[in-house]
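There are 2 protein chains.
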Amino acid sequence: MGFGEIDQKAINSIRVLAVDATFASNSGHPGAPMGMAPVAHVLFNNFMKFNPKNPDWLNRDRFVLSNGHGCMLQYALLHLFGYALSIDDLKAFRTVDSITPGHPEAHDTPGIEVTTGPLGQGICNAVGLAMAQAHTAATFNKPGFTISDNYTYCFLGDGCLMEGVSSEASSLAGHLQLGNLIAIYDDNHISIDGDTNVAFTEDVVKRYESYGWEVLVVDDGDTDLNSIEAAIKKAQQSKDKPTIIKLRTTIGYGSLNQGTHGVHGSPLKADDIKQLKQKFGFNPDESFAVPQEVYDFYGKHSSAGAAAEEEWNKLLAQYAEKFPKEHADLIRRQTGDLPEGWEKALPVYTPADPAIASRKLSETVLSKVESVIPELFGGSADLTGSNLTRWKEAVDFQAPSTGLGDYAGRYVRYGVREHAMGAIMNGLAAYGTVLPYSGTFLNFVSYAAGAVRLSALSRVRTIWVATHDSIGLGEDGPTHQPIETLAHFRALPNNMVWRPADGNETSAAYYVALTSKHTPSIIALSRQNLPQLEGSTLEKAIKGGYVLQEVEGAQITLISTGSEVGITVDAAKYLLDKHSIKARIVSIPSFEVFDSQSKEYRLSVLPDGIPSLSIEVMTTLGWERYSHEQFGINRFGASGAYKDVYKKFEFTPEGISKRAVATINFWKDVPNIRSPINRAFEQLI
Amino acid sequence: MGFGEIDQKAINSIRVLAVDATFASNSGHPGAPMGMAPVAHVLFNNFMKFNPKNPDWLNRDRFVLSNGHGCMLQYALLHLFGYALSIDDLKAFRTVDSITPGHPEAHDTPGIEVTTGPLGQGICNAVGLAMAQAHTAATFNKPGFTISDNYTYCFLGDGCLMEGVSSEASSLAGHLQLGNLIAIYDDNHISIDGDTNVAFTEDVVKRYESYGWEVLVVDDGDTDLNSIEAAIKKAQQSKDKPTIIKLRTTIGYGSLNQGTHGVHGSPLKADDIKQLKQKFGFNPDESFAVPQEVYDFYGKHSSAGAAAEEEWNKLLAQYAEKFPKEHADLIRRQTGDLPEGWEKALPVYTPADPAIASRKLSETVLSKVESVIPELFGGSADLTGSNLTRWKEAVDFQAPSTGLGDYAGRYVRYGVREHAMGAIMNGLAAYGTVLPYSGTFLNFVSYAAGAVRLSALSRVRTIWVATHDSIGLGEDGPTHQPIETLAHFRALPNNMVWRPADGNETSAAYYVALTSKHTPSIIALSRQNLPQLEGSTLEKAIKGGYVLQEVEGAQITLISTGSEVGITVDAAKYLLDKHSIKARIVSIPSFEVFDSQSKEYRLSVLPDGIPSLSIEVMTTLGWERYSHEQFGINRFGASGAYKDVYKKFEFTPEGISKRAVATINFWKDVPNIRSPINRAFEQLI
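If you read the protein sequences in the order shown, they are chains A and B. According to our numbering, the first sequence is numbered sequentially starting from 2. According to our numbering, the second sequence is numbered sequentially starting from 2.
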């Protein structure tokens, strides 16, 4: 198909909208939208399959703007193609409470698949989306019923390529032979520090070839629409390799400063805008003015997309008749609800059961629920045997040609790539048919902090199986022993940190994590064995905090989490035996979930009148919110057998008792001791 | 030079020590040491220049074990070559308080240059060490006086190559043409999940060629010592490219399970050890037994190293005569002390000075001190113009052939590679002659969390210029606005977080950061302008927390940091005007530094008797340690002009006053209000 005047007008409309919106908000990045408008036009209008009236259509092509600062490109496209994003929304670009924030956010804006902006994340999300598509196709397609065959397209810039996380995901995507993934690299030679030759002189073509990608080059991304079209067409033919198209563009094309970093992160000046509009045949006195024929032109493509969805719906209806079970499963998955009664599979324990490491308890949960939650899609960053994330009969998610698994497989060998794993999970979750979880050591979830933050911000359900969660990992030593990690992730909004103390609490952690459709979870799990506690139940633990042992006339509340709860139980006995002190015991496996309970309930757990002491082998920072006094570790750990390390830091019944006695003495003269639950005012949320 | 029986005996001694130590500690990783013993032997004995009696000799070759889990290899070498690491230290491998912890830690063990274990970090540290060497040579060498010409060698495994951080640093190292860097890749085809073909099938040779490295391949790393030697020799000849040698080895060479992941992370079984010792000609009934001739053989190399240092010292003495100024500078730098009187260069402000963004105040500090602290070695992750990290006349650290700078340049264009930047800073700091600082947005320091943690653990002086530190960055929105970030890094042991409120506090932050030889700092700086405060001085601010405004008969203490201190000052006026409430104001620019003051001082700042309210536009988590009530943001931010965003979250004089009134009311019935500074017991440190 040839390109004509209308194509150029459409491209220039995108450019002008980006220029107008950044000028109006006096902020933002016009350069990338102006440079990438041609490829965006060709991709959206000549290739992409979508229905703006239903941005949730399962088999739509996915688009990810990894260079998210160029979001006016995406907002302009969404508007022009008829998504629920008005010209007023564009005018409100980068203003408070608009649906056009400074970087694309998935949860608020129709047509935005994933939240991008932090560089390197989007390309990883795209890998996740492509993996989910391959898995969905392998799981649900039947002869004559191609329910899933969408592509995932991703734009990315130099910044994304420099970030290591993109290397991790790209290497994995090549290994996984994801032919359904097409990335377009905006090779504009400009980053914020100026010409990319100051820092980025690697051979990108060779690098992506080394990952096993198909690499195509288009030399003129500014005007050669036919070559762009040919490259995307060729990329679609690559069935066992992802493709990257290296597209030479001119940043800020049309501006007097085009090709310089002057157009990267600042609006164009008024004069420049004037000459640009004149050059492009637009009225220089108008802003946000789109020629009607551009709307009409794009409207045709959108109508074709709606018709394609209708066709697909018919196919799905036939599928429902022939494969009712699969159909019901596919429909249910997209709601985010789990199969009815799934929770019956969760294991229950009594104190008579043996002591078991919580990573092992986690393995049992996964093994029990995997068959009732078929969307569960796991993996580990090369620590499968340590994280215990793989159920026994799992099939690996691998390209069939490798002989190591197939795309219907539900277990991913992520390699030692924690950050990409986190970002890929965000893409997997965004696709809509899988529920991703992954394992690494708790300490190395920090490597993925950038991705975890975006899980929380974009409100997706991802689960980290974070084993070896403390000094209790022992010999590996301080380099591997988390101290600050839980405080970090507890401080992250819309993120659940769980640190279960035994089997019932582990089941509770999974129960809440699996049923929280819009919140990621980090489940911190022990390497060492933990006893099954008297007083723990799933029903209590899903409240995030509860009274494990109540005692009439208690003089102190001991509060703990995870592996320290069992030791705290022993400490309470020790206090009674040696000091005749009565201590009640509270377990708070999840701050965030406990915080969401009623004040009345929270005060029943942490009541007024007696002092409290928290016990956790980590930083004390943050525990002041729940306890009067804190016993923790505000230094790095130590390498040695775990019992020796616990002894070194005095996390023993004696060590805890000593501090409990000090707490009681310190608070004994204070009348009407107030629980920290009482607050002068509510926080804004 | 040919290799003989003694070489084989030495190699097998290394293997047997690794086997014995992991067996004794019933933990650890024997496989990598056994597989890499041959190359380690050739490298250490035939190439490396070092003096075990003085591990601090400036011109020693540096060795980094990026696959730090194989540390018994390094411990064995250090012992055999005569470092202060006895056979008893080897026997104490992985026990509490030994100098042979589970992963190598730089601060405690002689001969360990950097702390490794978290994968991917070591190779980045090596890049930093190589950059520092290139810079030192360019700065201090004179015709006839080659003061610095050491190499940096780095071992790394598949795990390091999979981590994205290694990609970032390797790309930069190729760009910087670091011919002094030689990496040896242990291509053993095994990681924890088994054969690397499950997740890692990229073409490593091609990938490193794409980065601009020299790539050499040795097919038999188990027995072909001559090829290993030839490859290292060839690598040394590569003057404008770093070299990576891909060395095919057999993990756990000599074990019955060699070549499998069974020997990766677990000790060998007793039977296996027996056959191995027999095969290697060792007495199977002895443990930790090293043939005397091996000690003697290695001792010769160590003596040669000592002699080389002596020669160098003579050269240095002549250098001192001819270039006394340079000599004095070089000697001083190695002590970590700054030039006398340097602090006079720090700017001082009065309330009459205009409002200035603290990122701009930071730029002024750097511009003023750079000439008096010549070891200052800066950079930014592609945000130079936003972070304001580059003084005007700075020369870029670049390969001279590029025409963009030279190796004597002191400003690094890191590219968008935050994680590598952090890890490279750790290597730069470890070298001993430069003092690294680097900029990015505060939110993206989180990308480098893995490296920041190791800065703190290994006690190096690195400085993050972390600008755009809050919702105050405005339009870029929630993807870029830190909420959890300060809590995260405040919870990290041995790490200083600074959030200065004005010019004097910014000078104070730099004063403490630059003079703390063994502690990294993160200086959080505003994008927006901040007024110069009445009551702030450098002398007060270096205490980490101080009374900014004292008021007789105050009813509340308002505590704040950074950009909110100025608003809090306005709030205090508002409280007096509208509510006749007297409020005293405390600024706590650094928790960690404030915590290190005497209790008496801290109580004078946060006294008993009146309630306190903290004000910071971030998570409240952790503030409970200092304040009775907390005003913060426990959700994600918003995209918009910064004043609108502050208003949305009520961080205005009115909004603060409302909460101050609530605080006073809530606490008015409590007699003898206790300051949170009072604690029942001291934390272990």
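I should point out that these hints are in silico values taken from the structure, not numbers from a laboratory. No residue lacks a Cβ here, since even glycine has one placed at the ideal position from N, Cα and C. A hint or two may mislead.
What follows is a list of derived Cβ distance ranges for each label pair [said to hold, decoys possible]:
id, chain 1, residue 1, chain 2, residue 2, range
1, B, 577, A, 293, 56 to 62 angstroms
2, A, 352, B, 677, 53 to 59 angstroms
3, A, 272, B, 578, 27 to 33 angstroms
4, B, 578, A, 519, 56 to 62 angstroms
5, B, 280, A, 649, 57 to 63 angstroms
6, A, 276, B, 344, 50 to 56 angstroms
7, B, 267, A, 318, 54 to 60 angstroms
8, A, 554, B, 597, 39 to 45 angstroms
9, A, 286, B, 530, 33 to 39 angstroms
10, A, 272, B, 394, 28 to 34 angstroms
11, B, 530, A, 649, 35 to 41 angstroms
12, A, 636, B, 204, 17 to 23 angstroms
Facing chain B, according to a computed beta carbon distance under 8 angstroms, are these residues of chain A, among others [said to hold, decoys possible]:
id, residue
13, 351
14, 353
15, 354
16, 383
17, 478
18, 644
Consistency of the hints with the structure:
1. 577/B with 293/A: 56 to 62 angstroms: holds (60 angstroms)
2. 352/A with 677/B: 53 to 59 angstroms: Hint violated: Cβ distance 38 angstroms, outside 53 to 59 angstroms.
3. 272/A with 578/B: 27 to 33 angstroms: Check failed, 46 angstroms falls outside 27 to 33 angstroms.
4. 578/B with 519/A: 56 to 62 angstroms: At 44 angstroms between Cβs, range violated.
5. 280/B with 649/A: 57 to 63 angstroms: violated (39 angstroms)
6. 276/A with 344/B: 50 to 56 angstroms: holds (52 angstroms)
7. 267/B with 318/A: 54 to 60 angstroms: holds (55 angstroms)
8. 554/A with 597/B: 39 to 45 angstroms: Holds, at about 40 angstroms.
9. 286/A with 530/B: 33 to 39 angstroms: holds (34 angstroms)
10. 272/A with 394/B: 28 to 34 angstroms: holds (32 angstroms)
11. 530/B with 649/A: 35 to 41 angstroms: Since residue 530/B and residue 649/A have Cβ atoms about 49 angstroms apart, the given range 35 to 41 angstroms is violated.
12. 636/A with 204/B: 17 to 23 angstroms: With a Cβ separation near 44 angstroms, residue 636/A and residue 204/B fall outside 17 to 23 angstroms, so the hint is violated.
13. 351: violated (32 angstroms)
14. 353: Where the cut-off is 8 angstroms and the nearest Cβ of chain B is about 30 angstroms from residue 353/A, the hint is violated.
15. 354: Violated, about 27 angstroms.
16. 383: holds (5 angstroms)
17. 478: holds (4 angstroms)
18. 644: violated (10 angstroms)
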